[in-house]
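Colleague: Listed here are the chains, written in short residue letters.
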Amino acid sequence: MTTARLADVEFVVRSIARTCLANEKEFGELDAVVGDGDFGYSLARGFEIVDSGWDSFDRTDIGTFLQKIAVTITSRIGGTSGPIWGTAFLRAAAQVKGQTTLSGDDVVRMLRAAIEGIKQRGASDVGDKTLLDALVPTTDAIEAAIAAGAPAAGAPAADVLARAAAVAREAADATTTMQARRGRAAYTGERSIGSPDAGAVAVAVITERLAAEWATRAPAPA
Amino acid sequence: MTTARLADVEFVVRSIARTCLANEKEFGELDAVVGDGDFGYSLARGFEIVDSGWDSFDRTDIGTFLQKIAVTITSRIGGTSGPIWGTAFLRAAAQVKGQTTLSGDDVVRMLRAAIEGIKQRGASDVGDKTLLDALVPTTDAIEAAIAAGAPAAGAPAADVLARAAAVAREAADATTTMQARRGRAAYTGERSIGSPDAGAVAVAVITERLAAEWATRAPAPA
Amino acid sequence: MKKFVNEPKQFVPEMLQGIALANPDTLTYVPEFNLIMRKDAPREDKVSIVQGSGSGHEPAHVLTVGRGMLDGACPGDVFSAPPMDYVYETAKRLASPKGVLLLVNNYTGDRMAFEMASELAEAEGLAVRTLFIDDDVSVQDSTYTVGRRGVAGNFFVMKAVGAAAEEGADLDELVRVGEKVNSVTRTMGLALTPCTPPAKGSPLFELGEDEIEIGVGIHGEPGRRRGKLASADELLAEILEPVVADLPFSSGDRVALMINGLGGTPISELYLLYGRAHQQLADRGITVGRSYVGEYCTSLDMAGASVTLVRLDDEIERLLAAPAEIGVRIF
Amino acid sequence: MKKFVNEPKQFVPEMLQGIALANPDTLTYVPEFNLIMRKDAPREDKVSIVQGSGSGHEPAHVLTVGRGMLDGACPGDVFSAPPMDYVYETAKRLASPKGVLLLVNNYTGDRMAFEMASELAEAEGLAVRTLFIDDDVSVQDSTYTVGRRGVAGNFFVMKAVGAAAEEGADLDELVRVGEKVNSVTRTMGLALTPCTPPAKGSPLFELGEDEIEIGVGIHGEPGRRRGKLASADELLAEILEPVVADLPFSSGDRVALMINGLGGTPISELYLLYGRAHQQLADRGITVGRSYVGEYCTSLDMAGASVTLVRLDDEIERLLAAPAEIGVRIF
Ligand SMILES: Nc1ncnc2c1ncn2[C@@H]1O[C@H](COP(=O)(O)OP(=O)(O)O)[C@@H](O)[C@H]1O
Ligand SMILES: Nc1ncnc2c1ncn2[C@@H]1O[C@H](COP(=O)(O)OP(=O)(O)O)[C@@H](O)[C@H]1O
Ligand SMILES: [Mg+2]
Ligand SMILES: [Mg+2]
Ligand SMILES: [Mg+2]
Ligand SMILES: [Mg+2]
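Residue numbers (my numbering), protein chains in the order written: chain C, 1 to 222; chain V, 1001 to 1222; chain F, 2001 to 2331; chain U, 3001 to 3331.
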């Protein structure tokens, strides 16, 4: 089974960063519907440091690299997203301390750890109309695809990502009919029904971009 | 020649008061074009006291009556209009101290004294785009009509007023092309050109109403 | 009109009532004359300082009554000079053996009301002096107006004569001080939006989505010209340049710098402007000795700001720094 | 968007720069962490008081730093809780041997940032306590939220713990005082218009010409319901009633009454509201012992107001009356 390397992880992180930068306005507008509109701005301020300081992060191993990214995000992103996203990266990093390659199982373990971190930090769960409502089904889909034999990297990984993107989008759309129970949107009560959650949409947009660009990434040596 | 009595003067004053009350909004909007919009409000606050306290004014003679009205106006109307209109009424009153009837000449003398008072108080003159630009030609028209033999009161006085109203309206309209040189509108410089002066329009509206209602006033005993 | 108003005619009285209720220990309210006065005024040992002007400019002037500032303020209705009566009755109530100083922003209506009232008061034997304030540089050609308008710079005149009066200065001395401060004070404002007088119920003038009024008056009077919306730095330059050029203020000067909000602009923006103005002055070699940021003279809910500079000398700086306590306060 | 802004990303830093330049003798600015702190902090003999929260609420909290109030404030960007780092670095810089008290308005993001930061700080041996403020009564059903929001009533907690800290109270005592004040403080707000965050460039939500938002949050969060524009008295009742009913405040109570402007409403209207509220309370047998009118906790340029009541006892009243001096000031 092909394994993912630092270069693949770099690709994923940078792609997340650039997606957040490219969608600053859109994400902000989604948050403005029933939140306070700062979601896009907050993410962009953090990920712009990730992007501009790209070469400066310690790349000793994948765990270290992700931890440095996590610290940057935590210290630069304000609002709820700083602690939430920072915790997610931190917990994912902790799963792969010292590793220089990742198996498909590693990837799933990282995602699960990130999810647990978010739940803990946010006192939230699936069904609260947050990014968890996209992240959890997407992780389930990835896990299922990998269990079905798709490798963690290499050409077939594109198939895993394509499947994940479809699920993420569907899940993000499905938050539209939910009532917010966490974050600022929760204050709106029933008025939060009718528009998708900004964080969930962000997860979908990021996954879609990863799926679309995976093929064009600097190919990992066989 | 028929003469005007207290009842006629009362009719004129009350008609002025009610015209100002009825046109509060319109006068304010005219003042808002290049001024500060308070003209209608200011006049209305003063004349509403004149109207509501109507029976309380000393009616010993015409001069005394007008002086009481003048004091009320001066003390109740703010802005530029308080001193301007107050001075006008005060000077007019002073011309007919102790009189119980007015000749046509008395009326013209009162108007001239009012005009002089305004000029002095406002350091203004004809051509500055103020109420003077309606009041002076209107007074000229009244003087000419009286000199031509029309009586100061009685049915033919209606003709004098009709003539005056026509001149007042024409003069008020003519202020449209003038540039304001006094009052707040003067700060606008050339931008004051293109709309009529609020004070001049007020003079026209009042004169028109006097002309229209003169016939219906409580007829003075022969 | 989105405002907290009951009956528009009661707007000013209800506001004054609120001011009186919020300051029961220090202020007295005389409803007949829209008069807000210090509880301890008039004082035998102190000239009384009075300001009138229209309402809608709060805190000017009903909220600047207090120790070291005004002894009384008798505003007219929104944007209307007070009726002569208000001024006359106020002068009588505040008559001190040392006299009464009337501060008047230079507008036709205000001048007339104060001139008529002080004639009357003098005829009754009161010692009254009048001081006209005209700090607004936006009106350049004053051939056809009563001259420059009095705007936010008024605050510095009030503060200086208020402090001097507290020290026991006599009427002549106060007039000297006030005229001196006025002579070194310059202001210019800029509107981002019009204001809405309660009685009118709609905006006093119109500005397009990207239009601004440069040199706007505090009653919404037009200024020098319409301009285009631009960055804070550029907008600031539009009003700071003419103010600096007018006196002129020059390298080596020590100044008081005020960024005054016109009513609808939040203080976050005012502090942003303050920082940029401070820096632009530093670039010209002008040092800010005292700084003022907030609302001092507003135009109802107008979004916008004005810049005021005062050239300081030891005397002015000492008077501006003297303690004072007024109706508008934080604690 | 009609605002004084240069680059929106620089809005908060440029505002903070302005605050620092306007208060060179009393405040220090640490740009890396949006930190505004007292020049004389930390002091050995005094617990340091810190507040974070998002920007856009000025004077809260960067302008309430000063003697008798906060020792430091480290706001996030507009409406965003500060990054954890800011809080952590601020706590370190203000570490006094007597400890650091963190005041936190009760929002998810703020709670998280402060909790993470204080864990870190405690791990490094700092004595840190955190106090959550949640005075907003507009959110009734809090099953699905972190509970009530912290809004303008925050001022009273700051003022009381600030005064107690100045007197030398220790951390436990400050937590007791702060919790006590918070427990008798209730607020509700009302928006006439939405606000416009500089980075968004357009209004955060929409309100029809005659619509209002009753119970609005200071980040533009929806409140209890949309209502119709009405007279000042009726609008006031919409927010005063729920505040009175919540604690509840009852006949015989002595209270502090605050009418807080949300940013775009002029103080003339705020004083009008104050007068009416004072009277409506008197009608219920509730006496106003201390009054506060003006801007304390804003929502950028939102037109609207909030009402806060604090039930006074001798201790609270003494602490509220203690002298204080902060960045926002008149003279
Ligand atoms: N308690 C929570 N747990 C998990 N996710 C949350 C929580 N609260 C909010 N979120 C997510 O964060 C997004 C909003 O982020 P952001 O705008 O930074 O927060 P805020 O402005 O409310 O502080 C929401 O769309 C939601 O997906
Ligand atoms: N100096 C003056 N002399 C005579 N009339 C004047 C003068 N200034 C203004 N007016 C008249 O008064 C009207 C405005 O009155 P008002 O709104 O009460 O004054 P303001 O708001 O400028 O104090 C103008 O339309 C004009 O006719
Ligand atoms: Mg948000
Ligand atoms: Mg006018
Ligand atoms: Mg006026
Ligand atoms: Mg936020």
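Just so you know, the hints here were simulated from the structure itself, not pulled from any lab data. Honestly, I wouldn't trust all of these hints.
What the hints assert, rightly or not - No farther apart than 25 Å at their CA atoms in a straight line, the calculated lysine to aspartate or glutamate pairs in the DMTMM-like style are these: (1) Lys2009/F - Glu1116/V; (2) Lys1068/V - Glu2089/F; (3) Lys68/C - Glu10/C; (4) Lys2002/F - Glu1026/V; (5) Lys3098/U - Glu3007/U; (6) Lys2009/F - Glu3007/U; (7) Lys2092/F - Glu2007/F; (8) Lys3002/U - Glu26/C; (9) Lys119/C - Glu3234/U; (10) Lys1119/V - Glu2122/F; (11) Lys25/C - Glu2209/F; (12) Lys3009/U - Glu2211/F; (13) Lys3002/U - Glu2007/F; (14) Lys2228/F - Glu2238/F; (15) Lys3002/U - Glu29/C; (16) Lys3228/U - Asp140/C; (17) Lys1025/V - Glu3209/U; (18) Lys1025/V - Glu2007/F; (19) Lys2046/F - Glu2209/F; (20) Lys2228/F - Glu3007/U; (21) Lys3228/U - Glu2089/F; (22) Lys2002/F - Asp3210/U; (23) Lys3009/U - Glu29/C; (24) Lys2009/F - Glu1048/V; (25) Lys2009/F - Glu3167/U; (26) Lys3009/U - Asp2233/F; (27) Lys2009/F - Glu3211/U; (28) Lys68/C - Asp3210/U; (29) Lys2009/F - Asp1159/V; (30) Lys3002/U - Glu2167/F; (31) Lys2002/F - Glu3209/U; (32) Lys3009/U - Glu2206/F; (33) Lys2228/F - Glu2173/F; (34) Lys3002/U - Asp2045/F; (35) Lys3009/U - Glu190/C; (36) Lys3009/U - Glu2122/F.
Claimed, not checked - A few chain F residues that face chain V, going by a derived Cβ cut-off under 7 Å, partial list only: (37) Asn2006; (38) Ala2095; (39) Met2116.
Here a beta-carbon is modelled for each residue, glycine too, at the ideal position from N, C-alpha and C.
Colleague: Each hint needs a verdict: does it hold in this structure or not?
Modeller: Results of checking the hints against the structure:
1. Note on Lys2009/F and Glu1116/V: the hinted pairing is violated, with a Cα-Cα distance of about 33 Å set against a maximum of 25 Å.
2. For the hint linking Lys1068/V to Glu2089/F, the alpha-carbon distance of about 18 Å falls within 25 Å, and the restraint holds.
3. With a CA separation close to 12 Å, the supplied pair Lys68/C and Glu10/C stays within the 25 Å bound.
4. Restraint check for Lys2002/F and Glu1026/V: the C-alpha separation of about 21 Å stays at or below 25 Å, so the hint holds.
5. With a C-alpha separation of about 41 Å, the suggested pair Lys3098/U and Glu3007/U falls outside the 25 Å cut-off, and the hint is violated.
6. Proposed proximity of Lys2009/F and Glu3007/U is contradicted: the alpha carbons are some 43 Å apart, above 25 Å.
7. Our distance criterion of 25 Å between C-alpha atoms is broken by Lys2092/F and Glu2007/F, whose separation comes to about 31 Å.
8. Distance restraint check for Lys3002/U and Glu26/C: the Cα-Cα separation of roughly 22 Å lies within the 25 Å cut-off, and the hinted pair is therefore satisfied.
9. As the CA atoms of Lys119/C and Glu3234/U are separated by approximately 43 Å, the hinted pair breaks the 25 Å bound.
10. At most 25 Å may separate the alpha-carbon atoms for a hinted pair to count; Lys1119/V and Glu2122/F meet this at roughly 23 Å.
11. A threshold of 25 Å between alpha carbons decides the hint, and for Lys25/C with Glu2209/F the separation of about 21 Å falls inside it, so the pair holds.
12. With a C-alpha separation of about 23 Å, the suggested pair Lys3009/U and Glu2211/F falls inside the 25 Å cut-off, and the hint holds.
13. Taken as a hint, the Lys3002/U and Glu2007/F pair is broken in the structure, with Cα atoms around 30 Å apart against an allowance of 25 Å.
14. Pair hint Lys2228/F plus Glu2238/F holds up; C-alpha atoms about 11 Å apart against a cutoff of 25 Å.
15. Taking the CA atoms of Lys3002/U and Glu29/C, the gap is about 19 Å. The hint holds against a cut of 25 Å.
16. In summary, the hint linking Lys3228/U to Asp140/C is not supported, as the alpha carbons are separated by about 47 Å, beyond the 25 Å threshold.
17. Of the pairs offered as hints, the one joining Lys1025/V and Glu3209/U holds, with about 21 Å between alpha carbons and a cut-off of 25 Å not exceeded.
18. For the proposed pair Lys1025/V and Glu2007/F, the alpha carbon gap of about 15 Å is at most 25 Å, so the pair holds.
19. Our distance criterion of 25 Å between C-alpha atoms is broken by Lys2046/F and Glu2209/F, whose separation comes to about 51 Å.
20. The suggested pairing of Lys2228/F with Glu3007/U holds, with an alpha-carbon distance near 17 Å, which does not exceed 25 Å.
21. The suggested pairing of Lys3228/U with Glu2089/F is violated, with an alpha-carbon distance near 42 Å, which exceeds 25 Å.
22. The hinted pair formed by Lys2002/F and Asp3210/U meets the criterion: a straight-line CA distance of about 8 Å does not exceed 25 Å.
23. Of the supplied pair hints, the one linking Lys3009/U and Glu29/C holds, its CA atoms being roughly 17 Å apart against a limit of 25 Å.
24. For the given pair, Lys2009/F sits about 12 Å from Glu1048/V by alpha-carbon distance, which is consistent with the 25 Å threshold.
25. Restraint check: the Cα-Cα separation between Lys2009/F and Glu3167/U comes to about 48 Å, which exceeds 25 Å; the hinted pair is violated.
26. At most 25 Å may separate the alpha-carbon atoms for a hinted pair to count; Lys3009/U and Asp2233/F meet this at roughly 15 Å.
27. Between the alpha carbons of Lys2009/F and Glu3211/U the distance comes to roughly 23 Å, so the proposed pair stays at or under 25 Å and holds.
28. Under the criterion of a C-alpha separation no larger than 25 Å, the hint pairing Lys68/C with Asp3210/U is inconsistent with the structure, at around 51 Å.
29. Note on Lys2009/F and Asp1159/V: the hinted pairing is violated, with a Cα-Cα distance of about 39 Å set against a maximum of 25 Å.
30. The hinted pair formed by Lys3002/U and Glu2167/F fails the criterion: a straight-line CA distance of about 44 Å is larger than 25 Å.
31. Distance restraint check for Lys2002/F and Glu3209/U: the Cα-Cα separation of roughly 8 Å lies within the 25 Å cut-off, and the hinted pair is therefore satisfied.
32. Distance restraint check for Lys3009/U and Glu2206/F: the Cα-Cα separation of roughly 30 Å exceeds the 25 Å cut-off, and the hinted pair is therefore not satisfied.
33. For the suggested pair Lys2228/F and Glu2173/F, the alpha carbons sit about 45 Å apart, so the restraint of at most 25 Å is broken.
34. Distance hint between Lys3002/U and Asp2045/F is unfulfilled; the C-alpha atoms sit about 49 Å from each other, more than 25 Å.
35. With a C-alpha separation of about 33 Å, the suggested pairing of Lys3009/U with Glu190/C is violated against the 25 Å cut-off.
36. In summary, the hint linking Lys3009/U to Glu2122/F is not supported, as the alpha carbons are separated by about 59 Å, beyond the 25 Å threshold.
37. A cut of 7 Å between beta carbons decides the hint on Asn2006/F: the least distance to chain V is about 16 Å, and the hint is violated.
38. Among the interface hints, the one on Ala2095/F is violated; its C-beta lies about 19 Å from the nearest C-beta in chain V, farther than the 7 Å criterion.
39. Satisfaction of the interface hint for Met2116/F is found here, the shortest Cβ-Cβ separation to chain V being roughly 6 Å, below the 7 Å cut-off.
Checked against the numbered hints above, the structure violates hints 1, 5, 6, 7, 9, 13, 16, 19, 21, 25, 28, 29, 30, 32, 33, 34, 35, 36, 37 and 38; every other hint is satisfied.
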